[in-house]
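**Q** This is what each chain is made of:
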Amino acid sequence: MGILQRITRNIDNRYWDPGLIGFPVKNSYTAGVAGQRFFEEIKENGRIFGSKCAGCDLTYVPARIYCERCLSGLEEKDWVDVGDEGTVYAYTEVHQTKSGEAKEKPSLIAAVKIADGLLIHRLGDCLPEAVHIGMPVKAEFKPKNERQGGIEDIKYFKPF
Amino acid sequence: MRKVAIVGAGMTKFVRRALETPKELSFQATKTTLDSCGLTLDDVDCVAHGTAPDAFDGLHQNGEYMVDGCGGWNKPTMRVYVGGGTGIHAIAHGWHHVASGLFDTCLVVCEEKMSSAMPHAQAFFLTIFDSITERALEPNLLWIFALEMNRYMERYGYSKEDMALVAVNNKLNGLKHPASQFTDQVTVEDVVNSEMMAYPVSRLDVSPVSDGAAAVLLASERVARRLTDKPVWIEGVGWSLDTAYWATRDLYYPRYTDTAARMAYEMAGIREPAKQINIAEPYDPFDYKALHHMEGLQLSPRGKTVELLRDGHFDRDGNLPMCPSGGLLGVGNPIAAAGTMKVCELFWQLRGEADERQVPGNPQLGVAQSWGDLMQVSSVVVVGI
Amino acid sequence: MSEVVKVFGGTALSEKDISSGKIFLTKDSLDCAYAWDTGVAINRYLAELKKGNIIATRCRKCKRIVLPPRLFCELCFIPVNDWVYVHDSGVINTFSICHVHWDASRVKAGEDPHLPAVIEIDGASPGMGIMHLLGEVKPAKIKIGMKVKAVWRPEAERTGSITDIKYFKPI
Ligand SMILES: [Zn+2]
Ligand SMILES: [Zn+2]
Numbered sequence: 001m002g003i004l005q006r007i008t009r010n011i012d013n014r015y016w017d018p019g020l021i022g023f024p025v026k027n028s029y030t031a032g033v034a035g036q037r038f039f040e041e042i043k044e045n046g047r048i049f050g051s052k053c054a055g056c057d058l059t060y061v062p063a064r065i066y067c068e069r070c071l072s073g074l075e076e077k078d079w080v081d082v083g084d085e086g087t088v089y090a091y092t093e094v095h096q097t098k099s100g101e102a103k104e105k106p107s108l109i110a111a112v113k114i115a116d117g118l119l120i121h122r123l124g125d126c127l128p129e130a131v132h133i134g135m136p137v138k139a140e141f142k143p144k145n146e147r148q149g150g151i152e153d154i155k156y157f158k159p160f
Numbered sequence: 001m002r003k004v005a006i007v008g009a010g011m012t013k014f015v016r017r018a019l020e021t022p023k024e025l026s027f028q029a030t031k032t033t034l035d036s037c038g039l040t041l042d043d044v045d046c047v048a049h050g051t052a053p054d055a056f057d058g059l060h061q062n063g064e065y066m067v068d069g070c071g072g073w074n075k076p077t078m079r080v081y082v083g084g085g086t087g088i089h090a091i092a093h094g095w096h097h098v099a100s101g102l103f104d105t106c107l108v109v110c111e112e113k114m115s116s117a118m119p120h121a122q123a124f125f126l127t128i129f130d131s132i133t134e135r136a137l138e139p140n141l142l143w144i145f146a147l148e149m150n151r152y153m154e155r156y157g158y159s160k161e162d163m164a165l166v167a168v169n170n171k172l173n174g175l176k177h178p179a180s181q182f183t184d185q186v187t188v189e190d191v192v193n194s195e196m197m198a199y200p201v202s203r204l205d206v207s208p209v210s211d212g213a214a215a216v217l218l219a220s221e222r223v224a225r226r227l228t229d230k231p232v233w234i235e236g237v238g239w240s241l242d243t244a245y246w247a248t249r250d251l252y253y254p255r256y257t258d259t260a261a262r263m264a265y266e267m268a269g270i271r272e273p274a275k276q277i278n279i280a281e282p283y284d285p286f287d288y289k290a291l292h293h294m295e296g297l298q299l300s301p302r303g304k305t306v307e308l309l310r311d312g313h314f315d316r317d318g319n320l321p322m323c324p325s326g327g328l329l330g331v332g333n334p335i336a337a338a339g340t341m342k343v344c345e346l347f348w349q350l351r352g353e354a355d356e357r358q359v360p361g362n363p364q365l366g367v368a369q370s371w372g373d374l375m376q377v378s379s380v381v382v383v384g385i
Numbered sequence: 001m002s003e004v005v006k007v008f009g010g011t012a013l014s015e016k017d018i019s020s021g022k023i024f025l026t027k028d029s030l031d032c033a034y035a036w037d038t039g040v041a042i043n044r045y046l047a048e049l050k051k052g053n054i055i056a057t058r059c060r061k062c063k064r065i066v067l068p069p070r071l072f073c074e075l076c077f078i079p080v081n082d083w084v085y086v087h088d089s090g091v092i093n094t095f096s097i098c099h100v101h102w103d104a105s106r107v108k109a110g111e112d113p114h115l116p117a118v119i120e121i122d123g124a125s126p127g128m129g130i131m132h133l134l135g136e137v138k139p140a141k142i143k144i145g146m147k148v149k150a151v152w153r154p155e156a157e158r159t160g161s162i163t164d165i166k167y168f169k170p171i
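Chains as they are written, first to last, in our numbering: chain A, 1 to 160; chain B, 1 to 385; chain C, 1 to 171.
Think of the hints as simulated: they come from the structure by calculation, not from any bench. Be a bit skeptical, because a hint or two may be false.
[As the list claims (entries may be wrong)] Mimicking SDA-like on lysine to any residue, the simulated pairs with C-alpha atoms at most 25 Å apart in a straight line are: (1) C/63 / C/73; (2) B/230 / B/351; (3) C/169 / C/157; (4) A/26 / C/157; (5) C/166 / C/106; (6) A/155 / C/25; (7) C/138 / B/128; (8) C/63 / B/230; (9) C/22 / B/151; (10) A/77 / C/63; (11) A/98 / B/60; (12) C/147 / B/2; (13) C/63 / B/255; (14) C/147 / B/151.
[As the list claims (entries may be wrong)] On the chain B side, residues computed to face chain A include the following (Cβ under 8 Å): (15) 16; (16) 21; (17) 27; (18) 116; (19) 118; (20) 124; (21) 130; (22) 352.
[Claimed, not checked] Taking beta-carbon pairs under 7 Å as the criterion, some of the chain A residues facing chain C (in silico): (23) 26; (24) 27; (25) 29; (26) 31; (27) 54; (28) 55; (29) 56; (30) 59.
C-beta atoms are modelled at their ideal positions from N, C-alpha and C, and glycine is treated no differently.
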């Protein structure tokens, strides 16, 4: 077959299957300097922290070690407890799993605005028809002995 | 084209596993760089950043992810990506931004966090081989290095001890680098007797897996002269990619380095690189690679490099010091950041700020080179004061 | 205004920091599978391998006979449509004896090391090598320049893959 010829039926096109069963590689991510401290507060104290750039008057949630606007370092003194409440900034109702199959029950995912930051998380204890943008929500933490220092230490956000 | 200078440099420590996220590493290197020349983000016109395979950091579109740590928020930002060549490719990229007249300042930031990849970063290299004609053989990255090293040694009759000498020298230099990942000196015997991984490659012939970031600030002549009385000028840049059919070209000579170096030398007006260049920072992920690249960079006659090495020609106080930073073997190898680290080193060396690592005799002209992909790409930068 | 840099970020973690659980880690697995279209030239290459042949392409301009076969010459940058059979023998251009698997795990004591090589195939233009494996040879006996020949899988076991050649052995 020359360069100008075309395969017109998909069935004529051969493919190569690598044979190796999958590609069993994994990732293991550190939370970072800010993330480590951020999750320690959630795990130990059930508190959500942001970090505030005084110059730009912005409070980042989750907390960071620098301000992306002015690149100032944000230090210990700039950490602020932002409470465990926020508002729904945007939301979606998810009907399919990540591989595209229908979910048994749709789930709700929201961008929750806390201070100047957005946390992407689940909504719980909440009917889909009741959700609206601007709805006040509150973090529902896992019991302390189940928390492991990750975003899943918050079970979901729920209306209050 | 306008003249472009390096006016600031900074980097993180290179470590086996960093607590910092890729963004945070980028921020630390960027912030140090800005502080080193007394600038703030407001003074930065654009960002040229680089990170090599996304797979290591485990973040697809890693360039987009790390952008705010590189000072790229709301600024014209562009990423380049040529595997291990990225660290100096990004310098050439940033140079264009300023030389063209489009911008007066450009931050160049390169980062790599290899420790996220489990069980080992090497596993992810399976996917760089041709998916149909090579991957079925279950190759690993060591294969191509071992094949190239064997071919190179056979061609000129070099021994494993000869190659090990590079690892020894570079690690010795690296012990003086405050960002180095290493604390121990090694001997030729240590290298030769270390675990045989893929003949002729032993474990200590290889640079380690690392996390880290490095950055420089580029400025136009007008801005550079205002900022510092010691700008380090980018005299020439060059880069080249050879065919990806890597088994069809003889591996003993890095043609891609030759092409890239000639481009950079021509721009810099250098006729006799081996005589004119005062410091060389060839890319040294494996010990033999430094020598291989010295030949490609026209800094050593083919087949005579080991002789020069043994005569002390490439020592810190020799005629042409090689890898005074310690290189990848002596400082660490966070892929993209490693190349930029070499440019940071030349910046500090030419300004006489390299502390214990300082090359004597007021060096005036240096060359740094990075290499990557399937034994395929070289990027070269020539800097002078 | 410039000053010598004294600040180096980066916080090194030790094995103990990790094993003690003090440092939070988020783990993830990609679990992705791929299937690649073989393309036009490689499709024919694989089909011929299945029949026990190695086929190459020849550029009408530079006259190079190249492996693996391709639909264009990357030097002349013109289409290529001239197919030629080459031999299933060649010369070792370079080789390695590899004690590490693709995922960096080690070949265990008693197991055979991997023997990758670049083999310049007879009948193709000089220097036209392919990456493959060596077999039926003691690692210590392998030399650059050695002549080798393909050992094919039995016809019934071939699938149209580069592994239809089991390995190359010295002749
Ligand atoms: Zn700010
Ligand atoms: Zn041609």
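**Q** Check each numbered hint against the structure and report the violated ones by number, ascending.
**A** Of the numbered hints, 4, 7, 8, 9, 10, 12, 15, 21, 22, 27, 28, 29, 30 do not hold.
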